[in-house]
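Going down the list, the sequences are from chains V and X. Heads up, the first sequence is in the working numbering, so the first residue is 8 and it goes up one at a time. Heads up, the second sequence is in the working numbering, so the first residue is 744 and it goes up one at a time.
By construction, these hints were calculated from the structure, which means they are not laboratory data. These figures come from a predicted structure and were not determined experimentally. Some clues are possibly wrong.
As the list claims (entries may be wrong) - Per the computed footprint, the stretches of chain V lying under chain X, defined by three or more beta-carbons under 8 Å from a beta-carbon of chain X, are: (1) 80 to 90; (2) 120 to 129; (3) 134 to 140; (4) 159 to 169; (5) 239 to 246; (6) 253 to 264.
Unchecked claim - Cross-link-like lysine to aspartate or glutamate pairs, in silico, EDC-like; alpha carbons within 20 Å at most: (7) X/903 to V/109; (8) X/791 to X/835; (9) X/903 to V/45; (10) V/56 to V/45; (11) X/903 to X/874; (12) X/791 to X/774.
What the hints assert, rightly or not - Chain V residues, not near chain X, derived (Cβ > 10 Å throughout): (13) 28; (14) 42; (15) 93; (16) 175.
Heads up, the beta-carbon is just placed ideally off N, CA and C, and yes, glycines get one too.
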Amino acid sequence: MNRLRGIRPSMPVIALILIVVVAIGAGWLAPYDPLRVDPLSALQPPSAKYLLGTDELGRDVLSRLLVAARTTVVAVGIVVMIGALFGMLVGVIAGYFGGIIDELLMRLVDGFLWIPTLLASLTLLGILGPGYVNLLLAMAVATWAPYARLSRGEVIIARRQGYVEALRVMGASPWRIIFSHLVPAARGPVVVYASTDAGALTIVLATLSFLGLGVQPPTPEWGQMMTGARPYMEELPLLGILPMLAITALVIAFNLVGESIANSHLRVSTVPSAFRVRLLGWRRPKELETEKVPV
Amino acid sequence: MPLLRRLLSSVGVLLFASFLSFILIKLAPGDLAQSIAQLRTGAVGSPKLLAQIRLEYGLNDPFIVQYGRWLIDALQGNLGRSIQTNIPIAQDVSARAGMTFALAGGALLFGAVTGIGLALAGALRPGGTLDRILRYVGLFAVSIPGFALALILILLFALKLRWLPVTGTGTLSGWILPWIALGLASAGTIARVLRSSLADAMNQTFVTTALSRGYTMRQVVFREAFPSVLTGLFAVLGVQFGQLFISTVVIEAIFGITGLGQYFFHAAQFRDLPVVQSSLFLFALVFVGQSLIVDFLQRLVDPRVRRGSSTA
């Protein structure tokens, strides 16, 4: 866990860990079955029996919120993982081999970079048709390009340093250099970007589900819960406000964690010290330095 | 000369985007002729009907011929027909574009005015109470999804307080909620980016010089720091417009605005592939147009960009 040394246990980090733990344990924490329909107790305000009330079908809102957290964290986790790994692979290959391969791959990356995530995932869902696997696939395809751009840049910096040349002279195969040395070298910035990207993807997932193209019922998801709550917003505002707060809290946590990793002195143990210096200089907490305006 | 190169590269981007969108549609699983037949007749098409559709849409031709034909048609303003309604796409698009531009434009205006205002207010007293509060407001604004904000705004201002209508774009008051719901995220982004670039600018020597010569903070921020970050600001505004343009999908759905967002969304929902493809191409057009305008504005305000110097 050496590479995480730079992350201080700040508020957002604790909050994010808490949300993830709750999401994973949602099955045990939920007081009721989130799918159990009970028309007789529909649209109830919070009570001792149902801590956050019930929805239009009489399902327990607290249980649904908790299980929806799992839906979101798992989906976003998978998408970021696929997007980041694929993007890194493309970026590292482009950066390492250079020349025509670099040119072709980066034009492809440019093509995907200009498409906003929501547009790309909607388009792909429109082409592939709805479904959970298609949803994850569409979001991953929509999100990989920046990772490629980022890791290509890091690899080009790393390649200028002696150790890649040294490895090559020692007879290491390109794939060995790529997987054991260059991919780890690109890891730092990718982790930082992944955190803010996770926030953006949480919003995209909720938006797609709200529109009915994302996570399908009966699986609880926050955006989809808001679709269900919409006709009853006036009588029971809590029904819509709670999922909104949940989404916003998770996105804020992702954004703040991204900021705090970027600002902390990220250490990447497996890269040479010269590169580590570069990484330390990489996106210093500028606000802290520049705020000392002589007035 | 640089302008010519810029235009040429825009054309290149457009060609690339159109090609990419064409490939994506061709990669779609399932038989296009079959899905057209199903949308038309509601049943699995007979071999005769499928053959007829293939002929009609030119699906038997080689890929590159199909692309070339599509491109030539598109250049003449013919984007094909919707599978669902059989109405020419160009006709639908021109009927709906106004709504979407009004929505995205108004939202950008709201986002720019709010965002720039917040950033400048924060920069006048760096680290002050206002600056710190604005930081959190900005973070909240970029973290709340547009549809959630829209629903809360409707609940608060339309249903509870009854100040504004829930839907309807006939009057100006009907636009206020959609503009805010769509534009707040942009306001947050613009405020955050501008605030941090202003902080960078305030650290530069020309600012220190101005301050040491006795200019007030207000004069320095408005006359020195702000103009120096204008090029960056234009770039952010351009990107934001692109974002807003696609985010209209969800805002139009909530407020019942019949614009391009709804059109694209229904196409994606029902796998109306020609419309999906045209939407992607139209977005590329918006993107290229946006970046040309940004480029022009940057040249206008910044001599460094005009001269093409590398320090710009």
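Original post:
Does the alpha-carbon distance linking residue 56 of chain V and residue 45 of chain V stay inside the 20 Å limit?
Top reply: holds, 14 Å
Original post:
With d taken as the least Cβ-Cβ distance between residue 42 of chain V and chain X, does d exceed 10 Å?
Top reply: Per Cβ check, residue 42 of chain V is outside 10 Å of chain X; nearest 23 Å; holds.
**OP:** Count residues of the stretch 253 to 264 of chain V with a Cβ under 8 Å from any Cβ of chain X, then say if the count reaches three.
**Re:** holds (count 6)
Original post:
Does residue 903 of chain X pair with residue 45 of chain V here, judged by a C-alpha cut-off of 20 Å?
Top reply: Roughly 29 Å separates the two Cα atoms, so the pair is violated.
Subject >> Proposed proximity, residue 835 of chain X with residue 791 of chain X (alpha carbon, max 20 Å) >> reply: Violated. Residue 791 of chain X to residue 835 of chain X sits at ~30 Å, over the 20 Å cutoff.
**OP:** Establish whether the coverage given for the stretch 120 to 129 of chain V by chain X is satisfied; the threshold is a Cβ-Cβ distance below 8 Å, and no fewer than three residues must meet it.
**Re:** With 6 residues closer than 8 Å to chain X, the stretch 120 to 129 of chain V meets the three-residue bar; holds.
**OP:** Could you let me know if the closest chain X CB is still more than 10 Å away from the CB of residue 28 of chain V?
**Re:** holds, 21 Å
**OP:** Assess, step by step, whether the Cα of residue 903 of chain X is no farther than 20 Å from the Cα of residue 109 of chain V, and give holds or violated.
**Re:** Roughly 57 Å separates the two Cα atoms, so the pair is violated.
Subject >> Within 8 Å of chain X (C-beta), three or more residues of the stretch 159 to 169 of chain V >> reply: violated (count 0)
**OP:** Between the stretch 134 to 140 of chain V and chain X, see if three or more residues pass the 8 Å beta-carbon test, and mark the coverage as holds or violated.
**Re:** holds (count 3)
**OP:** Measuring Cβ to Cβ, find out whether residue 175 of chain V lies farther than 10 Å from everything in chain X.
**Re:** The assertion about residue 175 of chain V holds, with a minimum of 32 Å to chain X.
Subject >> Pair hint outcome, residue 903 of chain X versus residue 874 of chain X [Cα-Cα no greater than 20 Å] >> reply: violated, 32 Å
Hint compliance for this structure: hints 1, 4, 7, 8, 9, 11 are not met, and every other hint is.
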